[in-house]
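With the hints as constraints, model all of the structure from the sequences given.
Protein chains: 2
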Amino acid sequence: MDERLKKQMEFVLEIDKEKNIFRQTHLSGHGRNENDAEHAWHMAIMAYLLKEYANEKVDIARVMIMCLIHDIVEIDAGDTYAYDSAGLATQKAREDAAKERIFSILPEDQKKELTALFDEFEENETSEARFAHAMDNLQPLTLNNSNDGGDWREHNVTSEQVYGRQKKTKLGSEKLYELTDEILKEHIKKGNIRE
Amino acid sequence: MDERLKKQMEFVLEIDKEKNIFRQTHLSGHGRNENDAEHAWHMAIMAYLLKEYANEKVDIARVMIMCLIHDIVEIDAGDTYAYDSAGLATQKAREDAAKERIFSILPEDQKKELTALFDEFEENETSEARFAHAMDNLQPLTLNNSNDGGDWREHNVTSEQVYGRQKKTKLGSEKLYELTDEILKEHIKKGNIRE
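These protein sequence lines are chains A and B, in that order. Going by the numbering used here, 59 is the number at position 59 of the first sequence; the sequence numbering is gapless. Going by the numbering used here, 130 is the number at position 130 of the second sequence; the sequence numbering is gapless.
Any given hint might turn out to be false.
Which copy is meant is left open, because identical chains are indistinguishable; a pair holds if it fits in one copy or across any two.
[Stated by the list, open to error] Here are the computed lysine-lysine pairs in the DSSO-like style, where the Cα-Cα straight-line distance is at most 30 Å:
{"hint": "1", "residue 1": "K99", "residue 2": "K6"}
{"hint": "2", "residue 1": "K185", "residue 2": "K7"}
{"hint": "3", "residue 1": "K112", "residue 2": "K92"}
{"hint": "4", "residue 1": "K57", "residue 2": "K190"}
{"hint": "5", "residue 1": "K99", "residue 2": "K190"}
{"hint": "6", "residue 1": "K6", "residue 2": "K167"}
{"hint": "7", "residue 1": "K170", "residue 2": "K190"}
{"hint": "8", "residue 1": "K6", "residue 2": "K170"}
{"hint": "9", "residue 1": "K190", "residue 2": "K111"}
{"hint": "10", "residue 1": "K168", "residue 2": "K17"}
{"hint": "11", "residue 1": "K6", "residue 2": "K175"}
{"hint": "12", "residue 1": "K99", "residue 2": "K51"}
{"hint": "13", "residue 1": "K111", "residue 2": "K189"}
{"hint": "14", "residue 1": "K7", "residue 2": "K170"}
{"hint": "15", "residue 1": "K189", "residue 2": "K168"}
{"hint": "16", "residue 1": "K99", "residue 2": "K185"}
{"hint": "17", "residue 1": "K51", "residue 2": "K112"}
{"hint": "18", "residue 1": "K185", "residue 2": "K112"}
{"hint": "19", "residue 1": "K57", "residue 2": "K185"}
{"hint": "20", "residue 1": "K99", "residue 2": "K175"}
{"hint": "21", "residue 1": "K57", "residue 2": "K112"}
{"hint": "22", "residue 1": "K189", "residue 2": "K175"}
{"hint": "23", "residue 1": "K190", "residue 2": "K112"}
{"hint": "24", "residue 1": "K190", "residue 2": "K7"}
{"hint": "25", "residue 1": "K189", "residue 2": "K99"}
{"hint": "26", "residue 1": "K7", "residue 2": "K57"}
{"hint": "27", "residue 1": "K57", "residue 2": "K189"}
{"hint": "28", "residue 1": "K111", "residue 2": "K57"}
{"hint": "29", "residue 1": "K51", "residue 2": "K111"}
To be clear, the hints were calculated from the coordinates, so they are not data collected in a lab. Just so it is clear, the structure is predicted and the values come from calculations on it, not from any experiment.
Here it is in structure tokens:
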């Protein structure tokens, strides 16, 4: 096996570990916690199916690969819950170190390419990154909604926290933000999200 | 929520069930069984990273979405192990019924689009379908190789069976077939695959 392919296959094996990084979100049907690989798979299909609702035209291949790789750094850095303020304070440093280690397994050109895609997602300035972020929000919201808001209740989440996070959905898709708003209002009314 | 978006979101929730369909393959590090969503996620990233080895030029967005959806029918039909001949005999009928039920949740145009992509993968005639099939083979092979061929040993798999299946990899990528052949020869030598 030549050196380039060897590095690529080493990376392929490394990212298998993402299947062991569990999130706070639960699968539908009041299932177990979801892992990062499942979350990313779901987001990428959603991006493909819902692309007509992106605020701006998107290159769907770029959105999909961004969705698929956006949590790879959590192999080292772990999952940081969206409403965990202590975790959020150290998240960037932990994820930067992970990004350097993990993408460095790849050949240099692909290290650059994937790092750039990862950074683009994080910076959230392009139409593709913004639409991918809308998926990153809408995917767990869909599961949590199907489970009667159990994840919000478990973490005592407030409407201020949820709306703070969901602002990013509006940047990616006005239409999907409307849907989000409708769902959130219902859960506030039911008391699943604190006022 | 309008009717179209409602159908799309219903489909999004339905496919969550794919995370509960477990395969015979084990995660690296002698881990638990892998599920279909994880397998599809892994294949789609591999397709993106290894596209330079496709025998023919591929539209990578089409390859990725094909990888992501190719096992959705297993929500109803279950996973059929590659070397389970009894299961393979009824696989097509079970998967056809599942395809009709599950894709019918979508708006008509997207039902047609996803059914066509699913059928294209199954028919394995286009460059995208062939490269996606190469990923469908190479992904579990990579995990099984990392686990000292445990999945082959567990199922008493023969070299004839493995090479029969891996022929499809050659159609999608000569280069990745060379790698496959190298790995298989090693496991035959070690006795993990029966002669």
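Now for the hints, and whether the structure bears them out:
1. K99 with K6: Within one copy only: 20 Å inside a chain, 37 Å across chains, cut-off 30 Å.
2. K185 with K7: Answer is between; shortest inter-copy Cα gap is 21 Å, intra-copy 48 Å.
3. K112 with K92: Answer is within; shortest intra-copy Cα gap is 19 Å, inter-copy 42 Å.
4. K57 with K190: Classified as neither; 36 Å inside a copy, 53 Å across copies.
5. K99 with K190: Result: close neither inside a copy nor across copies, 40 Å intra and 36 Å inter.
6. K6 with K167: Only across copies: K6 and K167 sit 22 Å apart there, 42 Å inside one copy, limit 30 Å.
7. K170 with K190: within (24 Å within a copy, 56 Å between copies)
8. K6 with K170: between (42 Å within a copy, 19 Å between copies)
9. K190 with K111: neither (47 Å within a copy, 34 Å between copies)
10. K168 with K17: both (28 Å within a copy, 27 Å between copies)
11. K6 with K175: Close across copies (12 Å), not inside one copy (44 Å); limit 30 Å.
12. K99 with K51: both (28 Å within a copy, 22 Å between copies)
13. K111 with K189: neither (47 Å within a copy, 35 Å between copies)
14. K7 with K170: between (39 Å within a copy, 21 Å between copies)
15. K189 with K168: Classified as within: same-chain Cα gap 23 Å, cross-chain 54 Å, threshold 30 Å.
16. K99 with K185: neither (37 Å within a copy, 35 Å between copies)
17. K51 with K112: both (27 Å within a copy, 17 Å between copies)
18. K185 with K112: Neither. Shortest intra-copy (42 Å) and inter-copy (34 Å) distances fail the 30 Å Cα cut-off.
19. K57 with K185: within (29 Å within a copy, 48 Å between copies)
20. K99 with K175: between (33 Å within a copy, 29 Å between copies)
21. K57 with K112: both (25 Å within a copy, 23 Å between copies)
22. K189 with K175: Classified as within: same-chain Cα gap 22 Å, cross-chain 58 Å, threshold 30 Å.
23. K190 with K112: For K190 and K112, the Cα distance exceeds 30 Å both inside one copy (47 Å) and across copies (38 Å).
24. K190 with K7: For K190 and K7, the Cα distance is within 30 Å only across copies (24 Å; inside one copy 51 Å).
25. K189 with K99: neither (40 Å within a copy, 38 Å between copies)
26. K7 with K57: between (34 Å within a copy, 22 Å between copies)
27. K57 with K189: Neither: 35 Å inside a copy, 53 Å across copies.
28. K111 with K57: both (27 Å within a copy, 22 Å between copies)
29. K51 with K111: both (27 Å within a copy, 15 Å between copies)
When held up to the earlier numbered hints, the structure conflicts with 4, 5, 9, 13, 16, 18, 23, 25 and 27 and fits the remainder.
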